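A.B. asks: Read off the chains here:
There are 2 protein chains.
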Amino acid sequence: MTQQLKAFMKENIPVVEKRMNELVEEITAPEILKEAMLYSLNAGGKRVRPLFVLAVMNHFNVKDDAAYTVGAVIEMIHTYSLIHDDLPSMDNDDYRRGKLTNHKVYGDAFATLAGDALNTIAFGILARMEQVEAEKRLELIDKLSVAAGAEGMVGGQILDIEGESKQLTLEELEKVHVNKTGAILRFSIESGAILAGASEAEKAILVEYAHHIGLCFQIQDDILDIVGTTEQLGKTAGKDIASDKSTYPALLTLDGAKEKLHAHYQLAIEALEKLPSESNLLKEFAEYIVHRNK
Amino acid sequence: MTQQLKAFMKENIPVVEKRMNELVEEITAPEILKEAMLYSLNAGGKRVRPLFVLAVMNHFNVKDDAAYTVGAVIEMIHTYSLIHDDLPSMDNDDYRRGKLTNHKVYGDAFATLAGDALNTIAFGILARMEQVEAEKRLELIDKLSVAAGAEGMVGGQILDIEGESKQLTLEELEKVHVNKTGAILRFSIESGAILAGASEAEKAILVEYAHHIGLCFQIQDDILDIVGTTEQLGKTAGKDIASDKSTYPALLTLDGAKEKLHAHYQLAIEALEKLPSESNLLKEFAEYIVHRNK
Numbered sequence: 001m002t003q004q005l006k007a008f009m010k011e012n013i014p015v016v017e018k019r020m021n022e023l024v025e026e027i028t029a030p031e032i033l034k035e036a037m038l039y040s041l042n043a044g045g046k047r048v049r050p051l052f053v054l055a056v057m058n059h060f061n062v063k064d065d066a067a068y069t070v071g072a073v074i075e076m077i078h079t080y081s082l083i084h085d086d087l088p089s090m091d092n093d094d095y096r097r098g099k100l101t102n103h104k105v106y107g108d109a110f111a112t113l114a115g116d117a118l119n120t121i122a123f124g125i126l127a128r129m130e131q132v133e134a135e136k137r138l139e140l141i142d143k144l145s146v147a148a149g150a151e152g153m154v155g156g157q158i159l160d161i162e163g164e165s166k167q168l169t170l171e172e173l174e175k176v177h178v179n180k181t182g183a184i185l186r187f188s189i190e191s192g193a194i195l196a197g198a199s200e201a202e203k204a205i206l207v208e209y210a211h212h213i214g215l216c217f218q219i220q221d222d223i224l225d226i227v228g229t230t231e232q233l234g235k236t237a238g239k240d241i242a243s244d245k246s247t248y249p250a251l252l253t254l255d256g257a258k259e260k261l262h263a264h265y266q267l268a269i270e271a272l273e274k275l276p277s278e279s280n281l282l283k284e285f286a287e288y289i290v291h292r293n294k
Numbered sequence: 295m296t297q298q299l300k301a302f303m304k305e306n307i308p309v310v311e312k313r314m315n316e317l318v319e320e321i322t323a324p325e326i327l328k329e330a331m332l333y334s335l336n337a338g339g340k341r342v343r344p345l346f347v348l349a350v351m352n353h354f355n356v357k358d359d360a361a362y363t364v365g366a367v368i369e370m371i372h373t374y375s376l377i378h379d380d381l382p383s384m385d386n387d388d389y390r391r392g393k394l395t396n397h398k399v400y401g402d403a404f405a406t407l408a409g410d411a412l413n414t415i416a417f418g419i420l421a422r423m424e425q426v427e428a429e430k431r432l433e434l435i436d437k438l439s440v441a442a443g444a445e446g447m448v449g450g451q452i453l454d455i456e457g458e459s460k461q462l463t464l465e466e467l468e469k470v471h472v473n474k475t476g477a478i479l480r481f482s483i484e485s486g487a488i489l490a491g492a493s494e495a496e497k498a499i500l501v502e503y504a505h506h507i508g509l510c511f512q513i514q515d516d517i518l519d520i521v522g523t524t525e526q527l528g529k530t531a532g533k534d535i536a537s538d539k540s541t542y543p544a545l546l547t548l549d550g551a552k553e554k555l556h557a558h559y560q561l562a563i564e565a566l567e568k569l570p571s572e573s574n575l576l577k578e579f580a581e582y583i584v585h586r587n588k
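Residue numbers (the working numbering), protein chains in the order written: chain V, 1 to 294; chain S, 295 to 588.
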């Protein structure tokens with residue numbers, strides 16, 4: 001990781017994490033519910049999605065405190081999806097990022113409800129961002145709802161579960177990931193562009209970048225499941241092979257998956273080159289996504 | 295039920311139901327997910343919440359097609375909460391309104407996700423109501439998020455589960471219901487007032503009416519669990535006593551609960567009398583809530 005990216009993360013991650021905590025702590029709700037929401041919000045993670053919001057703002061040289069709120073909201077949606085994904089009725093995972101999953105600590109009912117509460121609060125927080133003009137807030141709510149819902153993340157999760165019982169083609173596998181993880185990642189990047197007041201042309205370029213970054217992210221995830229260790233990943237390594245899951249390495253071999261990863265990385269970089277001004281930080285981000293080892 | 299109220303329901307319920315179906319059918323999402331969402335949306339129900347939106351619009355003599363959309367959205371939120379409440383990790387109900395519950399048909403994972411998708415889509419639909427001014431859309435999203443989330447419905451569900459293992463006081467029981475079922479009912483009535491352009495004073499009066507109506511609704515629910523039959527209710531009667539649940543009849547005796555019901559009915563009617571113009575329909579609605587037998 002470059003010094004610039006490292007400094008950028010070091011500066012911004014604590015601000016996003018503080019914002020998430022404040023936004024939950026300030027509400028009037030049963031303490032155990034707030035505790036369950038905060039448990040998973042504070043269980044670590046790379047904070048890639050909020051960082052993308054901020055990196056896009058940085059590219060446009062716009063400083064706006066609202067970006068931290070939008071980043072925090074996206075992390076809440078991401079966290080709710082992890083809590084529900086980990087439930088016994090879904091992936092049945094006991095550990096996430098090296099810590100017990102939400103339902104292992106609070107039970108299945110409270111975990112379901114903590115996820116529901118994070119999903120619901122996200123939209124209210126966006127609606128109340130008074131420093132952002134009304135039309136932009138509505139655009140953010142509209143697009144987050146599409147990205148997180150049946151047309152995006154939740155739809156992708158359905159496809160993923162349906163795919164467990166059969167061998168997916170490469171095209172089907174890509175569709176799972178473009179929805180399940182890609183849609184929120186694209187929203188992260190697009191929301192930064194919306195807040196920064198980017199042109200429609202710039203937004204389209206950034207969404208193209210985001211599409212390829214999303215696929216890079218997933219392919220590297222699949223590769224790490226094979227080459228990583230449980231300790232390094234903070235979750236059980238080798239789970240995909242053990243469950244005979246359709247993954248990029250399973251479909252393309254490990255080397256084929258690495259080639260595919262590199263191809264999408266190149267396409268992400270090529271997208272960035274179409275922007276009117278250079279974006280070193282977004283380039284470095286692409287490199288980080290491709291080379292990360294956890 | 296009066297002829298006026300009967301005619302009002304007959305006219306409006308089909309429009310709300312058609313709107314819900316259109317809003318889900320038009321999205322691009324896995325067919326099985328849309329089917330699961332529609333299964334519970336179309337599983338019947340009294341449609342009390344959307345009818346309240348429309349009854350308030352009627353009181354102010356305002357016709358606005360957006361009221362059907364807001365009503366449909368509230369019914370989606372209500373439906374998602376029922377799907378999650380029925381899950382084995384929560385109430386573990388096999389039947390709802392005489393039909394198999396969502397997870398009995400689609401499995402626990404898909405039921406969880408169908409609920410998530412209904413919760414998420416609701417906010418996007420409100421954001422996209424272009425015929426409603428931006429500030430009103432944001433107010434609706436803000437208030438729905440509070441009513442449905444940790445500060446309202448989800449928080450109430452947590453209190454309800456926590457209360458299962460102990461004897462609640464009347465005050466604690468009221469707090470459960472003011473949140474679990476009351477918050478969305480209040481939002482239904484308030485959203486009609488927002489759409490109709492009611493004054494802050496009128497909104498406050500209607501929220502007071504809604505508060506008492508919400509409690510009437512719950513007390514009658516508790517009473518029906520004792521005096522109703524499984525066939526009539528479409529769900530297992532006598533479940534509260536069997537599970538030793540804290541209810542109004544359990545705390546106050548059946549006669550005491552009936553008195554409490556009548557007291558809240560009176561307070562709801564008194565609230566209405568403070569409005570500048572008479573509202574027969576809202577009065578008749580209160581009577582219907584109190585006298586319903588399912």
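If you are wondering where the hints come from, they were derived from the structure by calculation, not from laboratory data. Any given hint could turn out to be false.
[What the hints assert, rightly or not] According to the in silico footprint, chain V covers these stretches of chain S (three or more CB under 8 Å from chain V):
(1) 349-359
(2) 394-407
(3) 424-432
(4) 520-534
[Stated by the list, open to error] Some chain V residues near chain S, calculated using beta-carbon distances under 8 Å:
(5) F110
(6) A150
(7) E151
(8) Q167
(9) T169
[Said to hold, decoys possible] Below, a sample of chain V positions facing chain S; criterion: calculated Cβ distance under 8 Å:
(10) I32
(11) E35
(12) A134
The model shown is predicted, which means the values in this text are computed figures rather than measured ones. Just so you know, even glycine gets a beta-carbon here, dropped at the ideal spot from N, CA and C.
A.B. asks: Would you mind marking each hint as holding or not holding in the structure?
C.D. replies: Against the structure, the hints come out as follows:
With 0 residues having a beta carbon nearer than 8 Å to a beta carbon of chain V, the stretch 349-359 of chain S misses the requirement of three or more and the stated coverage is violated. With 6 residues having a Cβ less than 8 Å from any Cβ of chain V, the stretch 394-407 of chain S passes the three-residue criterion, so the hint holds. Taking a C-beta to C-beta cut-off of 8 Å, the stretch 424-432 of chain S contributes 4 residues in contact with chain V, enough for the three needed, and the coverage statement holds. Counting residues of the stretch 520-534 of chain S whose C-beta sits closer than 8 Å to any C-beta of chain V gives 0, which falls short of three, so the coverage hint is violated.
Below 8 Å, beta-carbon pairs count as interface contacts, and F110 (chain V) has one with chain S at about 7 Å; its hint therefore holds. Hint status for A150 (chain V) relative to chain S: holds, with the closest Cβ pair at about 4 Å, below 8 Å. Taking 8 Å as the C-beta cut-off, the interface hint given for E151 (chain V) holds, the closest approach to chain S being about 5 Å. Hint on Q167 (chain V) is violated. Least Cβ distance to chain S is approximately 18 Å, over the 8 Å limit.
The closest approach between the C-beta of T169 (chain V) and any C-beta of chain S is roughly 16 Å, which is over the 8 Å cut-off, so the hint fails. Against a cut-off of 8 Å between C-beta atoms, the interface hint on I32 (chain V) holds, since the closest Cβ of chain S lies about 7 Å away. Interface hint status for E35 (chain V): violated, as the beta-carbon distance to the closest one in chain S is roughly 11 Å, over 8 Å. The criterion of a C-beta within 8 Å of any C-beta in chain S is met by A134 (chain V), whose closest approach is roughly 4 Å, and the hint holds.
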